[in-house]
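Chains as they are written, first to last, in this note's numbering: chain A, 1 to 118; chain B, 1 to 522; chain C, 1 to 490.
Please keep in mind that the hints were generated in silico from the structure rather than gathered at the bench. Be careful, since some hints might not be right.
To give a feel for the contact side, a few chain A residues facing chain C, derived at Cβ under 10 Å [what the hints assert, rightly or not]:
#1 Phe11
#2 Phe90
#3 Phe100
#4 Ile101
#5 Val104
#6 Gly105
#7 Tyr108
#8 Trp110
#9 Gln111
#10 Lys112
Heads up, the beta-carbon is just placed ideally off N, CA and C, and yes, glycines get one too.
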Amino acid sequence: MLSPYIPIAIFVVVATGFALFTLVFSGLLHPEKYNKVKLEPYECGIEPLTDARDRYSIRYYLVAMLFVIFDVETVFMFPWAVIFDKLLLFGLIEMLVFIFILVVGYYYAWQKGALEWV
Amino acid sequence: MHFPILTSLIVLPVAGAILVLFVRGDEEQSAPFVRKIALTVSVLIFAETLLLWSRFDPSSADFQFVERHAWIPAFGIQYFVGVDGISLLLLVLTGFLTPLALLSSWESVHEKTKAFSIFMLLLESAMMGVFISLDLFLFYVLWDAMLVPMYFLIGIWGYDRRIYAAVKFILYTMAASVMMLLAILGMAWLHLTTTGSYSFDLLRLYDLKVPPHLQFWFFLAFALAFAVKVPLFPFHTWLPDAHVEAPTAGSVILAGVMLKMGTYGFVRFAFPLFPEAASFFSPALAMLAVVGIVYGALVAMVQPDMKKLVAYSSVSHLGFVVLGIAAMNTQGVQGAVYQMLNHGVSTGGLFLIVGMLSDRRHTRQISEFGGLKKVTPHLVAAFLIVTLSSIGLPGLNGFVGEFLILLGAFRWDPRMAAFAATGVVLSATYMLWMFQRVNYGPVTNEKNTRLADLGRRERAIIVPIIALAVLMGVLPNLFLRPIEPSVARLVNRFHQNAPAHLQVDARPSAIGHQPSAISHQP
Amino acid sequence: MPPGISASDFYNILPELVLTSGALVVLIVDVLLPKERRGALAWVTLLAIGATLASLVPFRSTHVEVAQGLLAVDQFALFFKVVFLVAAAITVLMSVRYLEIEGASPGEYYFLILCATLGMMIMAGGIDLITIFIGLETMAVSFYILAGFIKPSHRSNEAAVKYFLLGAFSLGILLYGMSLMYGLSGTTNLRVMAAAFAGQETDARLVLAVILVVAGVGFKIAAVPFHMWAPDVYEGAPTPITAFLSVGSKAASFAMLIRIFLEGLPSMGHDWRLLFEALAIITMTVGNIAALTQSNVKRMLAYSSIAHAGYVLIGIVAGTSRGITATLVYLFIYAFMQLGAFAVIVGLRRADVAGEELKDFGGLHARNPFAAFAMLLFMLSLGGIPPTAGFMGKFWLFSAAIDAHYNWLAVIGVLNSAVSLYYYVRIVVFMYVKKEALGSEPATSPTLAVVLGVAVAATLVLGVYPRLLFELADASARTLGAAGVTTSLR
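Isolated chain A, as found in the complex (with noise of 0.2 Å):
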């Protein structure tokens, strides 16, 4: 009964054992000398230039809120997308409308000024 789950197993116990092996053995191996520099947290490989604990602007949160739910209807779009040659009319005008929903919503956020950056 539970014998699908044997290979679920399996890959679970090598995938940890595989993370702590990777840790363990650098771990070892590595030499340890540390300076400043080394120490410093960098991003993407460009050097901090102020401190982390800044202030943002409150549009930053509005725009990525904005930019996240724009996003995700791809999520929607794509299996659409997919089966798109088996829907045919009907799921280009459910799909249309669901777009133009997006829209209203889009055009109602431009307008109350969500976009601009003051």
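Model the placement of chains B and C on the given structure of chain A, informed by the hints.
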């Protein structure tokens, strides 16, 4: 189709209230007009009740002037009203007292007169409805609806502790009556299981055979609601508060009519619907009634406040009524119904007189008065007659009722009658003592020397009361005749269903038997 | 068109489509109108609600399943949809002046009210766990935002955060229960599920599922012990939203509850009846006792609304068609009296006075007789005193309980309604009896007067002539389930 006279008794006051609602203008402009409208409407209703009486067939025990319409058919609920000998005179009493109560507040109520008149009329409508409804659901609706106007009458126009008294009044009586609602629902359900349809029709429920254990609980639920309303000792504690704080008009209606609803409920609903349980409980009820008679009288004796004294005397007097009902023989029940009317007239009269004194002096303390006989001879004369009628002097109304009740109680259980009879003596003591302290002796208080005697309005109030008291004392048969057939039928039916009631010695001796005890009786 | 969907499916969800379009129109009109004329949005919203109500007319006696059992279009759903739409319309009317005083922007507000209504309508129609959950989320998310709509008010913010956190948590529990139900039956459709569970022996895992779903639903209807959020949220949220929350959200959750338990789990009737019986008893008792000591009227009404959830549960426990009828009747009546009471509170709100404390009601009778009379009527009705609608509703509930032999439940119910009278009467004391206390001058507006007039008329008329409502509710209750009456209706 004949004129729906009973419905008009409910509708007319409401119509009057709506009419008053539309009177424009501020307090000073509208008040006289509003008072006149309310009085006219209530006099009209009184005339209608008299018309009802004149058309009533006194030889029949049936319900007359019956009206029946479907209301909520899915549950067998009807608008079903009718009147028999027991309720007829209570209707007349209600019609009689309401105009007097309105007159009594002619000057003492001088703020929010409009609202006052509206509440009085709504109250009258609900009271009329309670006495004529023959559908248990309709009865309960009106029974509860009645509380709201009374609550406002006490709460807005009452004396110092009016808020406490009003809230206590509504919570106490409401809490007691909710169980009755469940019992009513239980009866409807029982009707469903035995006949296949719901019904709240009183006449059909009379014929229902209720199993003993259900009778036990249903009777308790009904009896609690009624006992609080009467009020039967030890459920009486709301009454002195409500009476003392209520305005005169409120007290008159409360004592004159509303207390009767409790005893009326026993006669109309609790006893005939659940005869076996009633037979089982009636010794206990009678015991409480007798305790109430003596206790009420003893407490009344030491009251410094006239209104409180009259309030406690009500507890005592209504004990007699319950005793008569518990005896469940023709004399007892007839006397009880008659005593309900008497109490309405004489206690209503007492409250009116106390109200007049309180209007003059703004106090009701007995010690504040004294020697009024010289100052206000007419008022004192009226006071004397009403006092004597309350005591039960032969020739006045109180005597007939008490005599019949004691007769009935004696036939049923002489011990009860013996104890109750002491109440008659005690009532003479406290009433006369109070009367003496207020009216005889020298004028001790400076302020009492210049009191006005009865005015025209006050004569108009007190003369009908005295006339009725004399009439009821001299010609009791005029009133007893329509009552008799209905009472006789009630008593006969009761004894058919609970034959154990008359056998004094076989009766269970103690209160608080196991519920199963009544099921052993045939 | 793909298999499983037909043109008639779209016709059958016409009311929902109309409402969605209406919501979008509100959003667009909001940005098109100049700022100072945005008060007109209320009328657009009312128009949308009216159009939706009109679009319900062709479905008076429809009894179909849409899209192979995602939604049911039947009279049961119809009854609730009318309740939601009427409640929404009354809420909108109440809000006009309130928003002006609070200085909140009306666009999103009305849009979110319409969205919440849409969610409720889907909940009432849903006979599939997924649909019900989507409806529930649509409603709940709208309410999270609406509760915090008065941005400068700390209490409003607190209300929103509390409601959101606890709401999200309870949804998780509900979802867990639903997933167990799905796992055990292999379907999300409630009617198929009922067939799958029928005749099965009780499974411990199913009992767990029932408990979890009861907890999740219990949160939504604010049943004790899942009620802790209600007083804070009710007190903090904008008053019209509190009214809508306590009426619409509660009614929708009861619709969902009836669908899930009576349509989906009739075979477990014994277990969930027991749970709901216990919930009803504690909910009534705790709600009423806690309400006794409140001095903030909104908070008091919150506790009273908890207690009322307890009364309504009596009808569910009875589970007979009379019980369900009583539930529907009560929710309908409750909508009017509760909305009316909140409308009076809205009327007392002025720029400088919150108008929520008991003392603000002091002497209201002298200052605004009609508002005082209306409040009196709502209080009497909530307390169950005849001849008001509340009495008729309670009467129906208790009679259903006695019919189904739940005598003790009825006894506890009436005792509780006697207790509740104390705090309802307290408001009346302040309005009519206390001469010295003087609260604020109520500011009425025509829309508010309309709300009060409608609520007063409904409370009185349904109290004297409830026959039509009873018959409609009865007909609606009988359409539950695929074949008409569900098997669990005894």
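Results of checking the hints against the structure:
no., hint, in the structure
1, Phe11, "23 Å, violated"
2, Phe90, "5 Å, holds"
3, Phe100, "8 Å, holds"
4, Ile101, "7 Å, holds"
5, Val104, "5 Å, holds"
6, Gly105, "8 Å, holds"
7, Tyr108, "5 Å, holds"
8, Trp110, "9 Å, holds"
9, Gln111, "4 Å, holds"
10, Lys112, "7 Å, holds"
Hint check: a violation occurs at hint 1 only; the rest are consistent with the structure.
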